[in-house]
Amino acid sequence: MKFNTLFLTCLKALVRNPMRAALTVLGIVIGIAAVVAIMEIGEGSKKQVADKFSSMGTNVVTVSGASVSTAGVSSGMGGRASLYATDATALMKDCPEFVKAASPVVRASGQVIVGNLNWSPRSIMGGNEHYLSIEGWKVARGRSFTDKQVEEASRVCLIGNTIAKELYADTEPIGQDIRIKDVVFTIIGVLDTKGADGMGNDQDDCIILPWTSIRTRLMGSSGTATIMKGGAANSGLSVSSTSTFPTSGVNFYPGCDLQPYTNAPHPLRTRTVDSIAVQVADGKDPSSAMDAMTPVLRRQHELEPGVLDDFTLRDRSQFVKMMTDTTSTISSLLISVAMISLVVGGVGIMNIMMVSVTERTREIGLRMAVGARPRDIMWQFLLEAVLLCTIGGFIGIAVGRIASYIVSMQMGWPVSVSVPAMVLSVTVAAVIGIVFGWYPAWKGSRLDPIDALRHE
Amino acid sequence: MIELKNITKVYHLGEIDLPVLKGISLRIEDGEFVSLTGASGSGKSTLMNILGCLDHPSGGEFWIDGHNVAGLNANERALLRNKRIGFVFQNFNLLARTSALENVMMPAYYYHPAKSTAEIRKRALELIELVGLTERMHHTPAQLSGGQQQRVAIARSLINNPGILLADEPTGNLDSTTSVEVMNMFRELNRTQGITVIIVTHDPKTAAFTDRAINMCDGLILDGVSDELSATLQK
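In order, the protein sequences belong to chains A and B.
Those letters in the first sequence? Residues 1 to 456, by our numbering.
Those letters in the second sequence? Residues 1001 to 1235, by our numbering.
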């Protein structure tokens, strides 16, 4: 029998008993609808979580110095001032397929003064012209600083919304002067609101300026890991015990390879950076990007084979992934519950197909008498079950979409259309049709034509 | 040509072997119009099932057009039935809630190699016309009288141009007038199209329409024909 005639035969058989077909398929419809609705709601909340955390800058790999150990005391991550601004340039130049943008990052802390007001921002960050886009900042008003301003260590800065509110309640901050640690900077832009980060810290309480400006103009920017941590380690241990004047014992170059320093004409303070923020190219996996970046950095730092890396790479998206994974786990759990109702629906299909085979024994006998082979009968009933389930699957998708729409309207939960959910549901429905339709179809095909014809 | 050589059929009912056919030898030439008669329990239904390739004999040889079909498996027998044998049943066995036309077309869907639907439809329309139901071809069995249903069944049995038509008590559910109509139709088909027609019946009046009656008794073919039947045939 040709497939299209078989298909029509099955369809007609279903249409002949519309009420029964509808009731049979109800279990599948409910099951599929539940799966689709749950998957869409799950997908929606996953997206919401991801959106929330993308303000922290996702798809960003942070390069920081490795830890340094002085007299048995480890400094912790980034204790070694081994990163240079040139590393950022090298990363952009040498692995362009993985690195979209890279920016040196330096941190400072201190007081800012405007007129008779003062404020201590949560963070004063320095970067290059790519820094804002890497960290996911948008400029609400004004503009960002240019590469030229970075090169010239211009006295320009952008302020976060919180600072704008605190220090410039009613006036426009752009073009105004602001004193950061007693150095006068010009505000060229106000950043768009980001809100709190994943830990509840106010991200808008910040000032961003060219990293060169921090390094060259904010003298006491002891945010640099080297001086602060290395110094602390020395002053805490060796310095106090060996020297009367602790400062003279401060080691400004703790535990670094000497070679880069011998070639270095600049003071360490202006050359090294605290970390490097790297934005991974779109569609690339952060971990593969990290694999590509490692050799570049090793070459930059002229590390011999066998020497341990003097830097560490961290994938910031891991935190986001953890959060979305949690949502996924919960929705998978719910989906597996919904799957149970699908199995129940499948048993319903099997039940009705058994009844149908018994009821149509005469038809089977006749079809066999006029030349249908057992496999033709098998295919007919199997296709009928699959057709029933697939139609149920499509109706289920529609019902599920409506349900998730109602949920999103009524409860304000985020919903996102999930194509995999639809493909999966129809596949699952068809598989249920095959699994639960197989036995009745097999039973039908095993009938003896003589007995089947005589069946009353 | 159909030839049976010493055909036996034994049913196994638990421990007991029940021989139903005890060595049937029979020869039906192409284009014959024969009836198979006998009291119930004489084994005529079993013989009909074997003749119709619905069942396989326990022993003996069964030749259709020079092919031994006794040893065919279920699939091969299905194909043979589809191509060579047309069935007409006592209770018509039409598909419920399906139009007469579609009932006629149904066996052709199992034809191998597959025919196009248009081709099948064309042939079905011819046959519907042959049995005189053109105006009622879209009616379902429930909307047709017994005689009309049996005519649909005859049209259905002819869809694949079979050489043999096997009718099991075709007049059993019909009144005498329609019975005559239906039997005349069989004779017409036999005479004009040369189809071998085998009518299984217990009714002497029906058997009388045929050219030759094969009388069965107790699993064997009786030599000659019964007195009652011969008397009817004489008329």
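If you're looking for bench data, these hints aren't it; they were derived computationally from the structure.
Note that the structure is predicted; figures quoted are calculated from it, not measured.
A few of these clues could be false.
Below are the SDA-like pairs computed for lysine to any residue, each with C-alpha atoms no more than 25 angstroms apart in a straight line [said to hold, decoys possible]:
| # | chain 1 | residue 1 | chain 2 | residue 2 |
| --- | --- | --- | --- | --- |
| 1 | B | Lys1083 | A | Arg362 |
| 2 | A | Lys12 | B | Leu1144 |
| 3 | A | Lys2 | B | Ile1002 |
| 4 | A | Lys2 | B | Glu1076 |
| 5 | A | Lys12 | B | Ser1145 |
| 6 | A | Lys2 | B | Lys1005 |
| 7 | A | Lys321 | A | Lys181 |
| 8 | A | Lys47 | A | Ser67 |
| 9 | A | Lys443 | A | Val347 |
| 10 | B | Lys1022 | B | His1056 |
| 11 | B | Lys1083 | A | Val417 |
| 12 | B | Lys1122 | A | Phe3 |
| 13 | A | Lys148 | A | Asp177 |
| 14 | A | Lys194 | A | Thr216 |
| 15 | A | Lys443 | B | Ala1074 |
| 16 | B | Lys1022 | B | Gly1060 |
| 17 | B | Lys1115 | A | Tyr168 |
| 18 | B | Lys1115 | A | Phe3 |
| 19 | A | Lys2 | B | Leu1125 |
| 20 | B | Lys1083 | A | Lys47 |
| 21 | B | Lys1083 | A | Asn4 |
| 22 | B | Lys1005 | B | Arg1027 |
| 23 | A | Lys194 | A | Ala140 |
| 24 | B | Lys1083 | A | Ala292 |
| 25 | A | Lys12 | B | Lys1022 |
| 26 | A | Lys12 | B | Lys1005 |
| 27 | A | Lys443 | B | Gly1060 |
| 28 | A | Lys181 | A | Trp119 |
| 29 | A | Lys443 | B | Leu1079 |
Identify every previously stated hint that the structure contradicts and give their numbers, smallest first.
Structure breaks hints 3, 6, 7, 8, 11, 14, 17, 20, 24, 25, 26 and 27.
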